[in-house]
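Asks: Just so you know, the protein sequences line up as chains A, B and C, in that order. Under the numbering used here, residues 140 to 609 are what the first sequence spells out, in order. Under the numbering used here, residues 372 to 808 are what the second sequence spells out, in order. Under the numbering used here, residues 10 to 279 are what the third sequence spells out, in order.
It is possible that part of the hints are untrue.
Said to hold, decoys possible - Estimated spans, in silico, between C-beta atoms of each pair:
id: 1; chain 1: A; residue 1: 214; chain 2: B; residue 2: 489; range: 49 to 59 Å
id: 2; chain 1: B; residue 1: 656; chain 2: A; residue 2: 439; range: 43 to 53 Å
id: 3; chain 1: A; residue 1: 439; chain 2: B; residue 2: 436; range: 24 to 34 Å
What the hints assert, rightly or not - A partial selection of chain B residues facing chain A, derived with a Cβ cut-off under 10 Å:
id: 4; residue: 424
id: 5; residue: 431
id: 6; residue: 434
id: 7; residue: 436
id: 8; residue: 635
id: 9; residue: 657
id: 10; residue: 780
id: 11; residue: 790
Source of the hints: derived by calculation from the structure; they are not laboratory data. Quantities reported herein were computed from a predicted structural model and do not represent experimental measurements. Just so it is clear, CB atoms sit at the ideal spot from N, CA and C, and this is done for glycine as well.
Listed below, chain by chain, are the residues.
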Amino acid sequence: MVWIVLVLLTALSALAYGLGRRKAKAAGKGHSRPNYQGAYVALWAVVPAGLLLAVVLVFGGRIEHAMLSADAPAAVAELPSEQQEVFYGDARALAAGKATSGTYDFGPLKAHLDAKAAQSARQHQIFLTAAIGLAIALALGGFALAFSRLKPDFRARNRVEGWVSGLLIACSTLAVLTTIGIVASLAFEAFRFFQSVSPLAFLFGTEWSPQIAMRTDQVAADGAFGAVPLFAGTFLVMLIAMIVAAPIGLYSAIYLSEYAHKTSRGVIKPLLEVLAGIPTVVYGFFAALTVGPIFRAFFNWVGAQTGGPLGDYLMQVQNQMALTAGVVMGIMLIPFVSSLSDDIINAVPQSLRDGSLAMGATKSETIKNVVLPAALPGVMAAMLLAVSRAIGETMIVTMAAGLQAKLTLNPLETVTTVTVQIVTLLTGDQEFDSPKTLAAFGLGLTLFLVTLTLNVIAMRVVQKYREQYD
Amino acid sequence: MTDALLTADAAGAPDPRRGRTADFEARVKKRNAAEKRFRFYGRLAIFVALAFLVTLLGRIVSQGYHAFTAYEVSLPVYIDPLRVDRANPMGANYDALIAEALLAKIGAPNDELGENLLAAQELVSTDLGFNLLDQIRKDPNLVGKTLTLKGPVKADAQLYLKHEIKRETAEGDRKISDQQMDWIDKLEKAGVITGGFNTRFFTASDSTEPEQAGVLGAIVGSALMLFVTALLAVPTGVLAAVYLEEFAPKNRWTDLIEVNINNLAAVPSIVYGLLGLALFINWMGVPRSSPLVGGLVLALMALPTVIIATRSALKAVPPSIREAALGVGASRTQTVFHHVLPLAVPGVMTGVILSLAHALGETAPLLMVGMVSFNPGIPESVTSAATVLPVQVFIWETASERAFHEKTAAAIMVLIGFMILMNLLAVIVRRKFERRW
Amino acid sequence: MQMTKNVTLARAEALPDHAPIKINAMGINVFYGEKQALFDVSIACPDRAVTALIGPSGCGKSTFLRCINRMNDTIVGCRVDGRIEIDNEDVNLKSLDPVVLRSRVGMVFQKPNPFPKSIFDNVAYGPKIHGFASSKSELEGIVEHSLKKAGLWGEVADRLHQPGTGLSGGQQQRLVIARAIAVNPEVILMDEPCSALDPIATAKIEELMDELREQYCIVIVTHSMAQAARVSQRTAFFHLGRLVEAGTTEAIFTNPTDPRTQDYITGRSG
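Construct the entire structure; sequences and hints are all you get.
Replies: And the structure:
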């Protein structure tokens with residue numbers, strides 16, 4: 140269906156283009172070349188009709204669904220809302236000649252279902268005819284309008300270019316629309332979540348166990364959606380990651396920009412980029428099956444050596460712990476920190492280095508006393524960006540940190556993070572409207588706002604820093 | 372010391388050492404030692420980072436290379452007419468038939484409790500039984516004849532053949548008994564079990580049985596998804612970049628778009644997954660788990676990077692080209708589309724390939740839109756349920772069977788292989804079409 | 010020869026040829042990779058006087074200046090042949106640490122390059138890293154003394170803890186000079202120190218140089234012949250990496266022996 144329409148539209152545009160071109164040629168030399176005249180006609184013939192069809196394609200299903208459920212039989216209206224949804228879905232499936240979903244058995248409502256299916260089939264026919272008819276009318280109308288306008292002195296080129304710049308503006312607006320989409324969808328779903336769980340209980344509650352809230356309904360809801368343990372877990376993993384990534388990344392940036400020869404720089408930089416290009420799921424695998432078991436074996440061994448209550452505790456350390464996830468995430472962030480810091484350090488003017496070296500300072504004294512203080516705002520911003528990455532990172536923590544929401548700062552404990560919980564809450568099979576899934580959007584909104592703040596601050600600082608030395 | 376220095380100044384008398392005493396010399400030595408230490412820390416940091424890289428890749432290769440070899444059995448099985456009913460082939464126990472044939476090859480008796488039979492059954496994949504059933508359903512005349520069946524050895528037995536399960540391990544701690552190990556050795560010697568390149572890994576899709584699982588479904592899923600991503604993100608990204616770089620007036624609105632794009636590039640990927648779930652699945656009704664919805668999400672994610680790469684490619688085109696085109700009477704649109712953009716194409720291509728390579732490795736947002744489901748088939752279109760390579764890695768990593776670990780590492784090698792190919796392509800494009808003004 | 014008449018030689022007193030030699034360079038060749046930048050340069054600079062190096066841009070005068078404190082060491086692929094002595098001591102000696110050498114030879118650059126620190130910390134930088142001050146009050150003494158010598162004390166005494174980068178260009182350059190003086194060097198190298206300054210600031214720096222030469226050996230690279238004539242006692246003319254002519258400033262400007270020098274100072278070349 141979609142392909143037929145696309146072929147038809149292409150054929151129509153070619154036809155319109157040819158006709159327009161011929162008319163323009165016959166009329167003789169005018170303002171714009173015949174190509175533009177043809178393109179002008181083709182645009183008018185195809186674009187409005189195409190837009191209409193695109194809208195139908197995207198929203199047609201919803202519109203039909205709404206029309207179908209407009210007058211619900213009393214028996215159906217009594218059903219819970221999610222069953223109603225499935226009912227209408229099944230009716231439409233029957234109308235299209237497909238099998239029903241089978242989620243619920245609508246045995247007693249079979250008659251209603253068949254009636255609705257018939258209605259849906261009729262409706263679909265009407266809807267489709269109307270959409271196609273309207274599209275054809277738009278195409279012909281557009282063609283006629285544009286074709287009649289063609290005259291030798293008609294400025295078709297300017298008109299076509301107007302269309303082109305409209306398209307360009309639309310494309311660049313898409314980026315803004317994405318942001319609006321993110322904010323709107325997160326805020327909307329989070330708002331629904333906060334209707335059942337108070338934002339205060341969410342932000343300051345210290346107990347997180349969404350499973351319980353599912354079973355005992357409302358009673359435990361307030362206590363069960365306290366996100367503080369998640370924030371603590373996220374913070375702990377981020378902290379460990381930064382303890383690994385910040386010194387290693389910064390020192391390698393310093394070495395690369397201040398000491399390394401051009402040749403070794405040419406080898407090391409691409410290798411670090413390889414480290415940056417490895418998908419995070421691979422880091423997760425590495426954490427879960429290599430680093431985790433090594434850490435566990437190490438701490439269990441240390442525990443066996445020391446004995447006592449501490450030894451007993453160490454003997455029980457598991458693969459999944461904050462330390463594993465944090466260290467591996469730190470490795471992942473090394474190239475990120477290093478390349479950002481490298482850029483920042485390279486932006487420090489050579490004259491400052493020369494000034495310090497000429498005073499008799501050694502290279503390291505120059506770096507520590509002049510270069511780094513000068514680069515400090517930029518380096519801090521780079522670290523902020525790395526923190527933002529660490530907070531938003533998902534796969535490593537999902538595979539290596541664990542699922543238990545514990546309020547602890549002990550790196551040997553299994554912890555859970557905001558992103559892990561979003562994944563866990565949304566990958567099961569459950570109704571979209573439950574507080575459990577909506578909680579994921581509450582977490583997502585928090586995550587988005589925190590990382591956005593960090594990014595905005597960091598980018599501001601970097602921009603100011605660059606302006607200072609440009 | 373400095374007092375002396377200052378008084379020397381005041382007196383105007385030259386002090387040949389000018390305060391550089393033995394104290395100063397010792398200090399210089401210390402400072403040089405600190406310098407060496409500092410340089411060493413730098414080297415150490417680089418070394419540690421590269422050591423991590425080597426360990427990471429080394430571990431994956433060492434865990435995964437086994438998955439590229441596989442052991443197959445090739446076994447003649449007599450289809451006993453007493454056991455298989457020609458009219459109702461579904462009713463027979465083919466697994467037992469195969470196990471008996473296997474026992475016969477081994478030369479072990481079939482005891483009364485059937486323990487040996489069960490132990491033999493555990494050596495070959497269930498695939499053999501289904502295969503046999505299929506053949507007989509197609510051609511019932513096979514009953515009464517001897518068929519040579521080929522199929523994979525069961526995953527745990529393969530682990531023994533690859534020396535990953537060792538005899539030294541206590542019998543209770545491994546899934547293969549001593550007896551089964553002896554049998555396997557015997558079968559291998561007899562040429563019933565042979566090893567070779569694991570083609571199945573590249574021609575099969577996901578399966579609950581490790582020895583039958585492959586990555587083809589995931590590769591096709593990834594390809595379909597990247598196709599959708601490229602189709603959406605590349606034209607819109609390039610056109611948006613053209614607008615911002617060549618046409619946009621400098622005002623608050625374009626400033627806002629700029630800031631916006633930079634921020635979008637730093638939004639955590641999982642947030643895009645949430646957007647995809649709420650917008651595309653719940654609101655627009657795009658089918659869950661489909662390459663279409665995955666591609667849509669990744670297109671939004673790739674958009675800012677495509678825009679940023681294209682803008683820098685356009686910036687690299689010298690203004691003289693624009694002035695020349697405008698000078699001969701071309702309109703702004705003609706200048707950009709006929710002269711500037713074609714010159715920027717290599718740079719744009721490089722940026723596009725790199726952001727698609729990045730999208731290929733993305734996992735987290737796809738979990739949100741349901742791509743994490745089990746998919747034993749090969750996706751047929753962009754709207755059918757599918758999984759993609761990185762998600763396949765995630766699915767296998769969480770599987771409990773040990774044999775899936777090597778599959779996971781092997782799938783990672785395939786994934787990284789594709790990413791390296793894309794990066795190489797980007798390098799080639801850059802080298803081949805690079806132009807310097 | 011028209012030009013020479015306009016040049017003021019007011020301050021450039023004739024310096025006797027037998028003045029004590031501070032820096033003695035013999036047969037200096039400098040290579041940047043394959044490219045040779047200096048060819049067999051030999052020159053002597055007297056103590057307690059200003060020696061000006063002049064010549065068209067790219068002639069190697071800055072390269073030569075950077076040989077004296079071994080700043081060329083910091084450039085990858087740069088090689089220096091030949092012998093430079095300060096007080097009869099070879100500066101290129103392996104056993105001589107560039108750190109020690111540079112604490113004896115201060116340098117001022119073309120563009121003022123105060124560190125992004127306070128005025129006080131800028132001046133205190135050298136004494137601190139070299140450990141020349143054993144107490145805070147001593148350090149304060151050195152800073153005050155150096156700023157006074159650089160003629161900046163009066164302007165900054167009340168804002169020592171404000172950033173050095175906030176000063177005007179001329180003040181920044183004098184701050185950098187104060188920073189160099191603070192370690193009490195023997196030689197001060199100046200690489201076109203006034204090229205980024207306005208005439209009034211330039212005049213102040215020139216005045217300062219004249220005062221400082223009573224205590225230090227100063228070598229200055231300048232593209233302004235008028236400046237060379239005003240501040241230096243000896244002048245050396247470089248051309249295409251070679252030293253063409255050196256002598257007392259008066260001699261060079263009034264009676265150059267080499268036709269290339271003559272062309273340059275009269276404005277016919279360069």
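Asks: Hints first: check each against the structure and report whether it holds.
Replies: Going through the hints against the structure:
With their beta carbons about 54 Å apart, residue 214 of chain A and residue 489 of chain B fall inside the hinted range of 49 to 59 Å. Look at residue 656 of chain B against residue 439 of chain A: about 51 Å separates their beta carbons, and that is inside 43 to 53 Å. Checked against the hint of 24 to 34 Å, the pair residue 439 of chain A and residue 436 of chain B passes, with Cβ atoms roughly 29 Å apart. With a least beta-carbon distance of about 5 Å to chain A, the hint placing residue 424 of chain B at the interface is held under the 10 Å criterion.
Because the smallest distance between the Cβ of residue 431 of chain B and any Cβ of chain A comes to about 7 Å, under 10 Å, the interface hint for this residue holds. Checking residue 434 of chain B against chain A by beta carbon gives a least distance of about 7 Å; that is within 10 Å, so the hint holds. Interface restraint check for residue 436 of chain B: the shortest CB-CB distance to chain A comes to about 15 Å, outside 10 Å, so the restraint is violated. For residue 635 of chain B, the suggested interface contact is upheld, since its CB lies about 6 Å from the closest CB of chain A, less than 10 Å.
Given the 10 Å rule on beta carbons, the hint for residue 657 of chain B holds: about 9 Å separates it from the nearest Cβ of chain A. Look at residue 780 of chain B: its Cβ gets to within about 7 Å of chain A, closer than 10 Å, so that hint holds up. Taking 10 Å as the C-beta contact cut-off toward chain A, the hint placing residue 790 of chain B at the interface holds, the least distance being around 6 Å.
The structure shown violates just one earlier hint, number 7.
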